[in-house]
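Novice: Note that the protein sequences, when read in sequence, are chains A and B. Residue numbering for the first sequence follows my numbering, beginning at 7 and increasing consecutively. Residue numbering for the second sequence follows my numbering, beginning at 71 and increasing consecutively.
Rather than coming from a laboratory, the hints here were simulated on the basis of the structure. Don't take each hint at face value.
With a straight-line cut-off of 27 Å between C-alpha atoms, the simulated BS3-like cross-links for lysine-lysine are [said to hold, decoys possible]:
1. A:LYS508 <-> B:LYS123
2. A:LYS508 <-> B:LYS93
3. B:LYS126 <-> A:LYS232
Per the computed footprint, the stretches of chain A lying under chain B, defined by three or more beta-carbons under 8 Å from a beta-carbon of chain B, are [claimed, not checked]:
4. 53-62
5. 241-254
6. 273-279
7. 312-324
Note that CB positions come from ideal geometry on N, CA and C, so glycine has one too.
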Amino acid sequence: MKGYHGKLLEVDLTNRTLRDLSLSEAFCRKYIGGAMMAAALVYDRVSADIDPLSPENPLVMAPGPLTGSPAPMVSRYAVCGISPLTGIWGEATSGGVFPIRLKGAGWDGIIITGKADSPVYLSLADGKAEIRDAAALWGKNSYETQRLIKEELQGNKVSVSCIGRAGEQLIKYASVMNDEGRAAGRCGMGALMGSKNLKAVAASGNRRPEPADKKEINKLAKQAVKDINGDMNAVLIREYGTLGYMDIGMVLGDTPTKYFTKSVFPSNEVSGQTLRQKYAVNNYACRGCPIGCGRELKNYKPDLDVDGPEYETAAAFGPLCMNNDLDSIIEANHLCNVHGIDTISTGVSVAYAMYLFEKGVVTRDQVGFELNWGDGKAVVKLVEMIINQEGIGVLLSKGVRAMAEELGRDKEEAAHTKGLEMPMHDVRAFHGQVVSHATSPRGACHCKGEYFGVELGGAVEEYNILPGDRLSSQGKGESAAKFQSYKDLFNSLTLCNFAPLKVPQICGLLNAQTGWNLGPEELLEAGNRSITIKHALNNKLGLSREQDTMPKICLDALDEGTTAGVEPDMDMMLKEYYQYRKWDWESGKPTPEALSELGLDHIAEEMYPRT
Amino acid sequence: MNVTVVFHGPLSGWLGVERASFKLCEGALLTDLLTEIAGRFRQRMPGPLWKDKENKFNDRVLAYTGRQQIKRPETLLADKQEITFYLMVAGG
Ligand code: SF4
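Just chain B, same shape as in the assembly (with noise of 0.2 Å):
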């Protein structure tokens, strides 16, 4: 299944793209999806945005579908799912 990601402001600047495709396996969870994040974007990643051990991002990463975040890695994607990942950190 496909699913698309939309990485929001400053993670497009990091990343170096604001949309992604990822080819995913019938039954994909978010975890699998943030393994492939990782497998193609790691690299990019200042250090502090990506947690290793944890296999996910820095915790004031947030993830939406539509209006409703997700937040657990076990749920379970769907194809032709959107997916957004603001970054919420206060400034300015």
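So here's chain A without its partners, still in its complex pose (with noise of 0.2 Å):
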């Protein structure tokens, strides 16, 4: 098989043994890799009552077909599993030099299940895998756990993927980290490495698979580099990072503001130029890309390097808690990233917090301090307090629905689907990014689907997915879907969101790597399979269609900004959706229909047995 070393690594931690585990080529074209290839793997081994902590639950780390050929910003891969935070599927990436080593070691993905006795970390090398004894890294935070880690294995080659004390403390929704600061944010997959006395995944090596057509591939990556670099959003992004969408999601009422309740605020000084201008800052890039969004400030404090906040964490602490602060913006990023965990369930429970205190459900004595909006300073000291399980930094530490609930709060002031929280853009501002929102697997994600893409420009015309009225609902369940689907992928193959490139060059890319032939059509139905079994692993889990939804406060018209008075209509939406993926609306489930003509007869066959 070309493009694929054939095998993945099996790890019982419970036993400590290590097994290499086949793949045939039918399964690699099905489930391509990084997080459908987890999901299928996952699907299988979980069952309806699994607790996301126990030994049972599987870890997936996986890279893509992609990862470690000519094609660009393919250095990425995927952490799956049954999230600690939502008891439903969890997936987070993370790109770096991490996937490339990982690739590099001889897998095509680990998948860990047990727990170990005593903390250890697992160590894979040109081929060789080891589980190595970690009880002196146990209570090291991330950056030292990485630097300690290649010093120990003596490779300036060596590569490490750690959870940091959150993950060990298994806060809900604690990171995996990577190259220092690259996070696998979302889901709380940290929590799941720590419930599994797992402190870290070292890989180096270089094992890459031959690609089936290696001119070919080589001729298309160069083609593929020529193009993102012509590309406008590459270039803001490279020239500001992420962090440059700031004023523009400001303008269109995209940023959300003070806990979803408002869309104006003076952001540009927490803007990516006023990063650029205040600090020394370098880019970083993963392996392979041209771009370099990732931001490092250097000598932030006298000999100390940071990492510069991205969008979504700028705006959650800063937009969504009203906090102009930049400073207090960037120590709460790098607190988070040095103990690792998620940036944008911290921030959206930070302003939860700060939404409860103006209204006197949250305390001054509970809290320790006033807790007033823009206080840039009481936003670091909660995060402090959530790392150090400190106060009432222990319930902020449990993510938005469960303050709800131990509040009894209204759930519809909860800014969570299905668990996990609210990304940083505003379902009013781009009305098809309600069903992205509402209807991923994961949970409300901004990386699924993003419509905000379509409606700046980001046309797919070979699916017929175009820009529209940003503002309307109409038409946008089925666009939305046939979206996601396409940029469901992105995560299999594993290709960076922000590549730009056409279907074409994606298949074209795919095929010179593993030999196939596949279309655009294809593809599509590729995404829409990998959606599929993850959207049919969370009703195995229990979930129905009352869980693809958004809660009242992102949804309620605001009365300022270019989105004033103007609310999606979420019921037409989904209804489009669910007609399109062919899933029933009363049970919320894949039709037998539709799971057959995704070649997923055995997930029918479970969940809708012959009596």
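Take the two lone chains and join them into the complex the hints point to.
Specialist: This is the structure we're talking about:
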């Protein structure tokens, strides 16, 4: 088989065993790699009553078929399992050098079950895997852990993915960190890792699968780089990082403000330009990426370089908390990276605490200090309390769904979908985004069909996905469904969401790597399969259509800004979405016909047992 | 006549100014203003931001006067008019 190693590494930490698991070409063609392959593996291995923190919950780390190939923007990997935060399908992705090293170690992915009786880390090097003692690393932060493992393995070509203290403490939205400050942030995959006493995975090696057509993939990769360099979005992100979107998002009403209750805020103090003006900024790029969206702030403090905040982070700790103190945002981001927690879930939980403080539900006595909107120092203090599991930080560390439940609040004011905190794109600014957030299998998500990208000129002509009136819900259900399928595939390939490649280019690269002849339709079908298998897994875990929704606080019309007075028609769009996917509106499950068309008959048999 | 141009967000970062004033002949069109903008700022622009052959910004740059988008290059401009250019690309 070309383009793949043809095997996974299966690790049982309870028994400390390691074995190779063969992958057939048919399996690879059907599930591609990365997150979809992980979903197929997880589906078969979990029962309906799985406890996410139990040893039985498998943790999968998987790069994609293009990782390690000459294609640009593919040094990415997915970290998946059942989420400790949401209790359903959990998926996070990250880029850097680690993914290419993981692939270079000689496997198409690793699947880890069980629980070690003491802290361990996994070392993968050039086809050899080893479980090593990590007792001395337990308690170390994510940056120290990476450094110490590299020293121990004496390899400057070693890359490490690890958890910080948050993952060890099983904080529900703990992240998995690699290459210093790159984060597989969402869904609490760090807590899943911590529950296994697994501190880190170290990878090295140069075992790249032979591409089917070397000449062709080199040619296509060269053209892809040229196209990326000519893309306006790429130019913006290279110059200002993803934070370059802050001013744009604010004008459009897309950047949520004051815990989703406002849309106007003077954001210029926390924009990408301000970051560039105020600090010595270096760009950081994942291996093989001509853009380099990452920011490193040199000498942020004497002898301290830190990673700069991305848009999502800056918006969550910034406008969402009415905070325009850029230093406090950088500080909060750094704390999250060092100790390994998701900046989006953290920021939304902090903003919710401020909202509750204003309403008198949470008091000064409970918090220990005044928690007023815009107080950057209070934001940082709360992040510390979350990490240290101190005072009200314990409640905030459970996420907004649990906060609302424990405080007896209306569930419509908890800004999440399926337990995952809302990212920093306000659906009132782009109605199609309602569909993406409400139906995303991992919960509210800006990476699975970021429909704002379509409305801002990102047409996908091959699938008739075209920009329209961003403030209209008409016809958005089907269009957003198709776009979601298409973009979900990026986490399987594993291609960066910012890659401005066209459908034929993606097909071409994949075909040159694997020797297949996938066309645009088959590609879209694979994306549809990816969404459907994850949705079916959620059904297996007890979810119905009721959870494909958004809370009122994120939908109610605002009285200011460019989105004043508009309210998306969620029901209409969702009905259209379900119809397109052939999912049953009553039960919320994919119909047997839909499953069969996607080659998921084994799921249909389990979901609809013959009596 | 005088026209004021506002470069929003990242555009002001690249061009080095947030506002600029342009003296144009009576009856000037949007395309005339664009020619002036290119003359003054082209050197500062990253390549893909400007289409030399078509004498206009990248399609992702939109021109507005108040809440009204100006789409046609032949649009007649007025004295003391304020025109804001926004870069509209997705990110984050
Ligand atoms: S755009 Fe950013 S996240 Fe994407 S591949 Fe490049 S550096 Fe990595």
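Novice: Hints numbered earlier in the text: which of these fail when held up against the supplied structure?
Specialist: 2 and 4
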